[in-house]
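A.B. asks: Dock chain B against the given chain A, drawing on the hints supplied.
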Amino acid sequence: MKSKKLFTSVGYVITVLLLLGSSNGFSENNDIGRPVFSSLEVSLIKTLSSKNYSKKSDLSNKMSGISMAISFGKNLFFDPELSGDGTVSCATCHNPLMSWGNHQTITSLRPDNPSTRHVPSLLGVRYNRWYFWDGRADSLWSQAIKPIENTSEMAGSRVQVAQYIINTPSLKADYEALFGVIPELLLTTELPNSARPVSGDGSHVEHQAWIKLSPKIRKEINRLFTNIGKSIAAFEETLVIKNTPFDEFADNITEDEGKSRTYTGVLSNSALRGLKLFIGKAGCSNCHFGPNFSDGEFHHSFIRPVLLQGDLGRYDGIKKLLKDPFNGKSEFSDSKQPTKLDYVYQNVEFRGQFKTPSLRNIAQSYPYMHTGEFKTLKSTIEYYNTISERMSPDDHQELLLKSLSLSDPEVNDLVELLKTLSEKTIRNY
Amino acid sequence: MKAKLCFKFTCGIVLSLFFVACNQTSVSSVKQSIPTPFKNIYEVTSKGGNYTIIFSPATANMPLNEYFDMEVYVRGQTKQVLDYSLELQIDAGMKTHNHGMNISPNITALGKGKFKVEGMLFHMPGNWFLRFLVSRGVISDKAEINLVITQ
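In order, the protein sequence lines correspond to chains A and B.
Just so it is clear: in the first sequence, position 338 is 338 by my numbering, and no numbers are missing.
In my numbering, each number is its position in the second sequence, counted from 1, plus 1000.
Chain B with its partners taken away, still in its complex shape:
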């Protein structure tokens, strides 16, 4: 019993380190087979390793100081479509400035882990973090990605 727990704990640490490493990669424009009409697709793994977040802005780039919409797909660890409902919250900010977004985007669940996000706004140039909080009931997992917004 003790050995089993220890194994689980060790696996947990290894997995966590793996996902921390994944999260430290910068923006990767990974083309995935998700049904989005948008061109730029970003991907990030949640810190707990439960989810892969795939998101795509409706604009050509992540624009500076212009409102834009996104599609977000919350998938499982291996990018499989999940068969249970989830809640998604989105936050963003500039750590070097110590402020967040000046707006709160509207997030609409479209089913099967797909979400429509309206009204995103990165109002200043520089380094932003974009954070996704995925909740299944009271159990949450978050993913964070760094974005450089240029003029």
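One chain only, chain A, in its complex shape:
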């Protein structure tokens, strides 16, 4: 009697687990749980494949794709000596074991001068149009050097970096093999230990040290500094996610298979339903499209009302970009072609906008949003479920961003889809 009761209980538990194991109660092996994809949907899915990634190199960086520069840049990326106190490297925040981010909401390397935004993952960074959450840099190399002088981050200076390269024989040899001999002027001048232009604080000791240098020396220092950025960028360009279960599915599905639900089973039924939502009802692909799952542009997702938050995002980013001495129109760019900078303009619509992040490897790139305030994919999607409540009258009225009102199983299906955007094994870069 007792054993029969136990058997019945176990059977009940198994039945419940089977039902819970699949969203909407559909069995994973049951065709009922597999969505139909129309011809148009199949063609949309294929546009998301990594096969569509651009093969173009960065024309503004002559080190783009050069193997020796990649190797040199990799060493620099992991080198804490580029920071002011020798303790912080690029990898401190962009940790390879943490999806090239740091899994923290807001990084506090310098408690007296904390950052204000979440560290983004570097995976797929080469495919960005703009850099930083606010797009204040227009190339990966000009982005790469800014954290070195950011007092919330590496808190170093360009002159200190120059000193380090000049005085470290192995680095100097590598540098000169790539960029030619370091000008005699830099080798013979007694440079200060640290110097940099400090915007808005002309009395700063490092600024004073900087302006005491001759224009010619300052130009050579800037040249060396941007070359360091170009080397780091050459390495960062190799950080890509291409061979995911999603890509395998997108590359193989045919129109006929989509219509007849006979596509092969790389993705779970739940992920497939999530894909249907992603390109359809949920509207995710309005912004997260193309092989990098991002339009590379900027949107206001109402995380903070702009007037209260004080972080104007893209609006301020454009001001900084246009003033950046290392932007694409500067003498340090290796391209003399017209650049996207020619078309940038300022608009109040841009207040509070932040860049659309890539979704590749997103399951490992938590937390989410530019403030890093959502710890899980589920809570992020649930935010979009009720986003209309977050829009304030002072925000630009983005009519596209309305509450999704997805059901719990639908949210779970989207999460399952997003998990398929990671490679099965951790790649050794």
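No wet-lab data here; the hints were simulated from the structure.
In silico contact screen, one side only, chain A against chain B (beta carbon under 7 Å); selected entries:
1. 44
2. 47
3. 289
4. 295
5. 297
6. 342
7. 343
8. 345
9. 349
10. 397
11. 399
12. 400
Because the structure is a prediction, the values reported are computed rather than measured.
Cβ atoms here follow ideal geometry from the backbone N, Cα and C, with glycine treated the same way.
C.D. replies: Coordinates of chain B only, in the frame set by chain A:
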């Protein structure tokens, strides 16, 4: 005098309705005898009926989220070349999203109503309007066309 004014007014209304109807047609790939090397040619009539705007992207299609250039020809009502100078402004946006382009294209007048437009960018898929504002001094006329940008 009164009758003459009334006639003019009536003609104006008829013409306006005619041009509104023209503007409501979707993208028409009309091949015209304009000296452009580009394949896709679009045409739209201004709301006031003063101009025919003929434009052609340098790319095969109106691309999604890629910069592209266009040639624009501002012609008269019957597509005749105009013998006076004009200014052209271009705007675009998504009414269902309530945003415009994230960029401001460069527009260069090349003479005889021809303009080079550089740096157009439709950064999201969906329905866009493309608006041309043609000015001759302080007198302006605008034309608007709907475009569907697909992935």
